[in-house]
Amino acid sequence: MKENNGHKIVFALLMGAVYTLFGLIQLITGFSRSLGISAPETLSRFIANVLFIPPDAIGGFVLVLVGSVFIYGFAELHSGKYEGIAYVYVGILLSLIFAGIYVLAAFGNVLEVYLLKNEAFAGWSILDDLRPEIYLGAVSLVAYLQWKDHFDIEN
Amino acid sequence: MENKKIRVALAGNPNVGKTTLFNAITGSRQHVGNWPGVTVEKKSGMRIYKGYEIEIIDLPGTYSLTAYSMDEIVARDFIIEEKPDIVIQIVDASNLERNLYLTTQLMELETEMIIALNMCDLALERGDKLYLDKMEEILAAPVVRTVASKDIGINELLDKVIEEKNNEQYHGHEIGYGDEIEAMILEIEKILTEDPELADRYPLRWMSIRLLEGDANVHDKVSRSLISKEIDNLLDSIDQEEYEADIADKRYVAINAIFPQLCTRCDVKLSKSDMIDRVLTNKYLGIPIFLALMWGAFELTFAFATPFMDMIEMAFTWLASNVAGSLQPEWLASLIGDGIIGGVGAVLTFVPNIFILFFLLSLLEGSGYLSRAAFIMDRLMYKIGMHGKSFIPMLMGFGCNVPAIMATRSIEDEKDRLITILVVPFVSCGARLPIYVLFAGTFFGRQAGTVVFMMYVLGIAVAVISAKFLRSTVVRGRPSPFIMEMPPYRVPTLKTSLVHMWDNGAMYIRKAGTIILFGVVVIWLLASFPWGIEYGSEGSYVGMIGHFFEPVMEPLGFDWKVTVSLIFGFVAKEIVVASMGVLYGVGDNQEALTQNLIADPAITALSSLSLMVFSLLYMPCIATLGVIKKETGSWKWTLFALMYGIIVAWIIAFIVYQGGKLLGY
Numbered sequence: 001m002k003e004n005n006g007h008k009i010v011f012a013l014l015m016g017a018v019y020t021l022f023g024l025i026q027l028i029t030g031f032s033r034s035l036g037i038s039a040p041e042t043l044s045r046f047i048a049n050v051l052f053i054p055p056d057a058i059g060g061f062v063l064v065l066v067g068s069v070f071i072y073g074f075a076e077l078h079s080g081k082y083e084g085i086a087y088v089y090v091g092i093l094l095s096l097i098f099a100g101i102y103v104l105a106a107f108g109n110v111l112e113v114y115l116l117k118n119e120a121f122a123g124w125s126i127l128d129d130l131r132p133e134i135y136l137g138a139v140s141l142v143a144y145l146q147w148k149d150h151f152d153i154e155n
Numbered sequence: 001m002e003n004k005k006i007r008v009a010l011a012g013n014p015n016v017g018k019t020t021l022f023n024a025i026t027g028s029r030q031h032v033g034n035w036p037g038v039t040v041e042k043k044s045g046m047r048i049y050k051g052y053e054i055e056i057i058d059l060p061g062t063y064s065l066t067a068y069s070m071d072e073i074v075a076r077d078f079i080i081e082e083k084p085d086i087v088i089q090i091v092d093a094s095n096l097e098r099n100l101y102l103t104t105q106l107m108e109l110e111t112e113m114i115i116a117l118n119m120c121d122l123a124l125e126r127g128d129k130l131y132l133d134k135m136e137e138i139l140a141a142p143v144v145r146t147v148a149s150k151d152i153g154i155n156e157l158l159d160k161v162i163e164e165k166n167n168e169q170y171h172g173h174e175i176g177y178g179d180e181i182e183a184m185i186l187e188i189e190k191i192l193t194e195d196p197e198l199a200d201r202y203p204l205r206w207m208s209i210r211l212l213e214g215d216a217n218v219h220d221k222v223s224r225s226l227i228s229k230e231i232d233n234l235l236d237s238i239d240q241e242e243y244e245a246d247i248a249d250k251r252y253v254a255i256n257a258i259f260p261q262l263c264t265r266c267d268v269k270l271s272k273s274d275m276i277d278r279v280l281t282n283k284y285l286g287i288p289i290f291l292a293l294m295w296g297a298f299e300l301t302f303a304f305a306t307p308f309m310d311m312i313e314m315a316f317t318w319l320a321s322n323v324a325g326s327l328q329p330e331w332l333a334s335l336i337g338d339g340i341i342g343g344v345g346a347v348l349t350f351v352p353n354i355f356i357l358f359f360l361l362s363l364l365e366g367s368g369y370l371s372r373a374a375f376i377m378d379r380l381m382y383k384i385g386m387h388g389k390s391f392i393p394m395l396m397g398f399g400c401n402v403p404a405i406m407a408t409r410s411i412e413d414e415k416d417r418l419i420t421i422l423v424v425p426f427v428s429c430g431a432r433l434p435i436y437v438l439f440a441g442t443f444f445g446r447q448a449g450t451v452v453f454m455m456y457v458l459g460i461a462v463a464v465i466s467a468k469f470l471r472s473t474v475v476r477g478r479p480s481p482f483i484m485e486m487p488p489y490r491v492p493t494l495k496t497s498l499v500h501m502w503d504n505g506a507m508y509i510r511k512a513g514t515i516i517l518f519g520v521v522v523i524w525l526l527a528s529f530p531w532g533i534e535y536g537s538e539g540s541y542v543g544m545i546g547h548f549f550e551p552v553m554e555p556l557g558f559d560w561k562v563t564v565s566l567i568f569g570f571v572a573k574e575i576v577v578a579s580m581g582v583l584y585g586v587g588d589n590q591e592a593l594t595q596n597l598i599a600d601p602a603i604t605a606l607s608s609l610s611l612m613v614f615s616l617l618y619m620p621c622i623a624t625l626g627v628i629k630k631e632t633g634s635w636k637w638t639l640f641a642l643m644y645g646i647i648v649a650w651i652i653a654f655i656v657y658q659g660g661k662l663l664g665y
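Going down the list, the protein sequences come from chains G and C.
The first sequence runs 1 to 155 under the working numbering.
The second sequence runs 1 to 665 under the working numbering.
Just so you know, these hints were derived from the structure itself, not from any lab.
The beta carbon of each residue, even a glycine, is placed where N, CA and C say it ideally should be.
Incorrect hints may appear among the rest.
[Claimed, not checked] Per the computed footprint, the stretches of chain C lying under chain G, defined by three or more beta-carbons under 8 angstroms from a beta-carbon of chain G, are: (1) 272 to 281; (2) 284 to 291; (3) 295 to 305.
[What the hints assert, rightly or not] In silico DSBU-like cross-links for lysine-lysine, where the CA-CA straight-line distance does not exceed 30 angstroms: (4) K495(C) to K83(C); (5) K129(C) to K148(G); (6) K43(C) to K150(C); (7) K272(C) to K160(C); (8) K129(C) to K81(G); (9) K148(G) to K636(C); (10) K160(C) to K5(C); (11) K160(C) to K129(C); (12) K148(G) to K190(C); (13) K150(C) to K129(C); (14) K83(C) to K272(C); (15) K5(C) to K148(G); (16) K272(C) to K81(G); (17) K148(G) to K43(C).
Pulled out of the complex, with its shape left as it was, chain C reads as follows (with noise of 0.2 angstroms):
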């Protein structure tokens, strides 16, 4: 027999555990976050429960459903256009008042609504009452208590679900707006009524509602109907801001009066987590403990990678030498041995590294933390003429560029957005890092880790200066006031952690597999032809190119090598190491390589500090670039910060490279 289907929709604030009750139901892998951004596009799952088929359909977080950031309209649109059975508002139990924001729009919606009251855990240990009966009586919906991270009340969750959509009957409860406001509701309504198509396809009440607060989206929802000129007249005729006003003040009247009698709070306790706060978000020591904290992560991604690094590596040598010496002719045993084994495995051997990164940012991310980094910069951030959430996605950029660039849409300013986009680039992510692991060590011994993080300190800084400067002269204007969640501290799940590091390390390892490859094959390629050159010597095809571009690096301290790499690496950062092997003729034998590189006159401390510092800040790889012209949608946009990193990074490695021979270095 088959199974009933029954589609639902999550919605609710951002930081409520709403990704984590996606997981719980449908045990699907995703990325759990504590903040906004994560969840932009709609994911969804699927879950077989006593005969039904329930498909869960995570949308964005959002405050509201107004339409000032593309979360707030890809939530909406979802429900009022894709119509699910049945949506659920998770509500974070410890945060109740905030959160009946949104419950009272997704009401206006008229649509079957659960409210999964999450996180009562958190609200009960600081001394919470919740009155669970109250609040289905008041809201009109049902509630179910769940900690989603402990998978509680998920199995009541999915009851109530399949009960409601046997329940045919609706009947909502909505806010009421005074008489003025309600009159003017009505007529709306009656106009809309007029026009069959919108009457069956929106709810009339709440397009009404949107309509007398000025809401844009709604507006050209209404402006290809015929009854269109009518509604602008209406409007025209009142004051929208006024009103917009007005709607607001009364929902937060309503709020007021309901949250009483849902909650007492009974804050006799701090408790932990607000323990913590005081603390991290202290006005003298948070940035300094953020500081700390970061460092701390990419010390012990330096110093406990080592050993894996090292058995990965012996793996891979032994794997180049055996097919090496085995394979005729000589030629295809120098592309599997050199080119592919080589190239490859020196991407390979900075796994380690990746997925210990990875792993840390998990445990900061997943505990709350990262989220009160952004609070404690945000006055910062805003000094500096960019928007409190740009923090949020410069952190993600320690990861990877492209999901940070995209999480730039829950900014809601273009300006901002753009100023944004265009500085994530410069955060340095992990593909850069094993060029950092492999100049830092060998050239600065127990020094490198503290190399690695003044990496890491220099991208901020100049992405930082780079929103300033952009903000004086291309993209002016002052940054939007922001809204920050500051969820309770958690201890994170180390599954949650492990499948967050999997994840993004797992990415890593698919480019090795892919374009890494593809383009070690072109590098090894160009370095064994014209067809008898020595390989990779100055006569093959990619010493030409080092050559010719040589004479615009060397003020940097690098040679046709270096130059050869650092082209390369604008396919993808981690070619630049790969490439190295091939040019050197090492493949992945990291000990040779750094021993190659140590003997070689052209490359010196100094030099690799600058060289590291150019390829931290030079032009964003392909990928990056891609997403860039795809949020900004402007191939001018795009073209410029190409050509802005370049730049920079030029000048800054200029003034690495000659200060520091100036210096006597």
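In isolation and in its complexed conformation, chain G is listed as follows (with noise of 0.2 angstroms):
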């Protein structure tokens, strides 16, 4: 029997336009910085300070992939094809692991900051390695937790 995906369908489309966006945007910005070109200062600091997207170039387009993969699971499933649900799943696990490898790459300077009272990171705050990264990933792990009996699907 197969279930209604109406859920994953949802998901899948949001987090595939929200990853895409969001890297896309790290891309260019991580483009511009390298040409020295710099964005209007709101908008720097918006994308900075309340989206959390730094500069990063090739971070972005890991972002972009990830969307990808979402949006690939999102037209497979809206077409009708059961299978598309390989790429939500897939699509929750690149995300979950590229969140680990930032919360892990925090956790250094964690230690730099609190062990050995590393001077160069003085003023350093968890915000400052807060990225889209980080707290999408947050939402994968919600959506993986939700449904992750449910990746077992009928032909």
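Mind docking these for me? Both chains are given alone in their own frames, and the hints should help you get the complex.
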């Protein structure tokens, strides 16, 4: 029996859109920075302080890639291909992997600040290491916990 | 009372969990891999069980026992020449049909065989039904269910080994090849019987079949016999290629008939492994996902290791200052402080990076993902003139080029193998990582991880372009086809990953205590003499060497100090960083070295990039050259690898440095 995948379709669409959009912003700001071009200050501040998107071209590419996997899943599920759920599943896994990478990187900085008292990290706060990979990964974690038993599908 | 002895050989296809089973039985610490090549050499272990001393020999993973690769010859020769008491064939229960081809060949070797039906959990999870009784009946061999990764079925398997050892009667089953071929087999067998030495030593039916299939290795064994002429006359009278095809065909017919009786497949559900494969082997997404995951591994290697590097550095700085401050005479304090502690400490500072990278690669390998990476890269590899299997040694090269070159033994075609051996040194091994970490960290700040990643990408790109170049010039021809394995995805065990990490990381630490220690002492001596000269100055021997080669390296942006470091890097690439510490007189103090590098007008961000590129590509280290000589058996190709690397490195570093200058960097 095939279950209703309505929630997963919406989730794939939303995550795909957000990942791709944030990825493109990260990609463009990363390239712009290396070329010495900067966005208007209000926009830059919004990107950096509200969305926590750092200028990082390769990180942006990764976000776009994860977004593409979700969108692929959305497209397949929406067109009635039940197997598209595989893309939602792998999109979530990729999202969790990259969130894990940045959480560990942030943990490294916590050690620098609180254990080694490294002067180079003076004024560092945990928000400095917050980025879309982490908070979008948290959304994926909730989705994974919710659906972990659903990711075995019937042909 | 002395234990009774049993000698057991483990045979099986690659990626069926053979090494995991070996570890589970012997408790031995051994690399657990998902690709062919890892167990090319014979590995053995011991287990005392119920009063028996059971010696386990881990044979190379093979798909068949023909003589097309070294793996197959090694495995086959061990069984027929060494005659173990029992052969355990580890069969992947989730891939039973394909594994049966090897089973049919092992049956012909007339040895006591036990089948360990491994990965049963995956087969059952997928919904397969396995009929063990029927399997034992048809294959005439005991069958034991195992899940080696969870230690399930190991004792039952050992019980069966003891039981079979005490069961003196052998009664095996073999494939029938039809009247015409069977008549020919009998005729050859009759001739072979005339040579008592051959008759005593080898299973004659197997030998006859192999001769009919045109097996050169078996033919060599017969050629020393007096009956060889008679055999040759008989073989000349038939079309051997046709016989070979017919025999293989008959085996498949038999397997097709047997398989439905052993297992019914209920592919109702798409397993998680299948789901992951659907995406990771996607035509468009597969390669970008692979690149993203590798980048993530390097990003984490850089970011997470930094505090641990700082801790090691603090420890060595403390050690160096205390030792140097308390020792007399001055030269001894300098040797111990600046030379040994400084040089070796500079290398050991990077241990966290090395360990984290190996741990992450082990996770990727243990999960089964790296086999997919080879699969998704296959089409690309073929286009550039390389064999699909070449990707596996190239991936292994990220760890160390030496085992990577040894892993090329699993490539059957000699030309494919030679090309792979020649290009593997361009793949950035762990020893080069400290150079990137030092210079990228010093000159590229937050972009350091990306710069390091780009070095790895450049290494692969140069390897690929070189392969294309070599294929169209000195090693002409087309790559042979390949069969790639896709083992099910597994959650890698922490223990296996940690053991793998330790085995590889420990090698790095051992190097620090041996060859690197020797290297830094030599550098210290050259930097301290002639006696009375300022340590590491231009007037020292090291300065003279540097100045002698400086004109050649100047167009790349390198001064004499960098030149000396690169020359000593030939011994082991880690020495580049160690010698920097010695030459700048800061020992292992990374922060002081960083400050010195920034303050040195001869080193800029651009020249450091050029230095990283040159370090990546120039001559392989001594150990790698040694293994190239061993594996190619040729000084010509060894020298070619050496010179080709230096020339390519010089040209690309020149383009980077001079190009950068033209662009205004």
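Proposed proximity, K43(C) with K148(G) (alpha carbon, max 30 angstroms): violated (40 angstroms)
Restraint check for K495(C) with K83(C), where alpha carbons must lie at most 30 angstroms apart: violated (34 angstroms)
Hinted pair K83(C) and K272(C), Cα distance within 30 angstroms: This hinted pair is violated, its Cα atoms lying about 41 angstroms apart.
Pair hint K148(G) and K636(C), alpha-carbon separation not exceeding 30 angstroms: violated (57 angstroms)
Pair hint K5(C) and K148(G), alpha-carbon separation not exceeding 30 angstroms: violated (49 angstroms)
Agreement of K150(C) and K129(C) with the hint, judged by alpha carbon distance not exceeding 30 angstroms: Answer holds: K150(C) to K129(C) is near 20 angstroms, not above 30 angstroms.
Distance restraint between K272(C) and K81(G), which requires alpha-carbon spacing of 30 angstroms or less: holds (17 angstroms)
Annotated coverage of the region 295 to 305 of chain C by chain G, confirmed only when three residues or more have a Cβ within 8 angstroms: holds (count 7)
Hinted pair K272(C) and K160(C), Cα distance within 30 angstroms: It is violated: about 33 angstroms lies between the C-alpha atoms, which goes past 30 angstroms.
Coverage of the region 272 to 281 of chain C by chain G (three or more Cβ within 8 angstroms): holds (count 7)
Hint consistency between K160(C) and K5(C) [alpha-carbon to alpha-carbon, up to 30 angstroms]: holds (15 angstroms)
Straight-line alpha-carbon gap K129(C) to K81(G), limit 30 angstroms: Holds - the C-alpha atoms of K81(G) and K129(C) are around 28 angstroms apart, at most 30 angstroms.
Going through the hint list in order, the structure does not satisfy hints 4, 7, 9, 12, 14, 15 and 17.
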